[in-house]
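*Asks:* Sequence:
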Amino acid sequence: MRFPYHGAGVAIIDSENRVLLGCRSKKPFMNRWSVPGGGREVLLNETPIQTAFRETLEETGIDLTCVEKTGLGSWSLKVPFFSWTTFFFRIDGYPVENLKPCEFSVLKFVSFDEIKTLGLRPFSRFELGKLKKKIQNG
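For the sequence shown, the working numbering begins at 3 and goes up steadily by one.
It is possible that part of the hints are untrue.
Unchecked claim - With a straight-line cut-off of 25 Å between C-alpha atoms, the simulated SDA-like cross-links for lysine to any residue are:
hint	residue 1	residue 2
1	110	76
2	28	65
3	136	76
4	134	70
5	118	76
6	118	74
Treat the hints as calculated values from the structure; they're not laboratory data.
Please read these numbers as outputs of a predicted model, since none were measured by experiment.
Given only the sequences and the hints, what does the whole structure look like? Please build it.
*Replies:* This is the structure we're talking about:
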């Protein structure tokens with residue numbers, strides 16, 4: 003990871019309010035669970051949402067430009083030399099067997115109760131906590 007770092011990801015929720023998470027198979031954050039996402043392509047002058055969609059496609063095989071989705075908001079973390087935005091989307095009925103983990107050893111939908119038992123990447127508890135509140139508040 004190089005600084006300054008600008009990244010983005012997507013938290014995908016299914017019809018059972020489970021979140022798509024993966025166990026990272028590469029550094030940084032190897033063996034930590036997170037939403038799909040990664041760093042901005044500076045040469046492409048990507049926006050955060052473009053970064054999030056590209057990373058989701060690369061890491062899961064889900065092309066968010068081609069699936070029906072409902073936006074649920076976003077969460078951002080900004081500190082000197084580091085920024086991250088996670089976009090929240092509901093996608094109902096996506097076939098799990100179509101998932102193509104690339105940078106994950108495991109990729110699956112997990113409940114918020116199960117999330118408590120996972121070793122998450124730094125700041126994931128905050129982003130997923132915000133998502134849980136959005137779902138509970140409608």
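*Asks:* Work down the list of hints and note, for each, if the structure agrees.
*Replies:* Against the structure, the hints come out as follows:
Taking the CA atoms of residue 110 and residue 76, the gap is about 21 Å. The hint holds against a cut of 25 Å. Taking the CA atoms of residue 28 and residue 65, the gap is near 22 Å; set against the 25 Å cutoff, the hint holds. Annotation: proposed proximity of residue 136 to residue 76 holds, straight-line Cα distance about 10 Å (limit 25 Å). About 21 Å separates the Cα atoms of residue 134 and residue 70, which keeps this hinted pair within 25 Å; it holds.
Between residue 118 and residue 76 the alpha-carbon distance is near 21 Å, which keeps this suggested pair within the 25 Å criterion. Of the pairs offered as hints, the one joining residue 118 and residue 74 holds, with about 22 Å between alpha carbons and a cut-off of 25 Å not exceeded.
The structure shown violates none of the earlier numbered hints.
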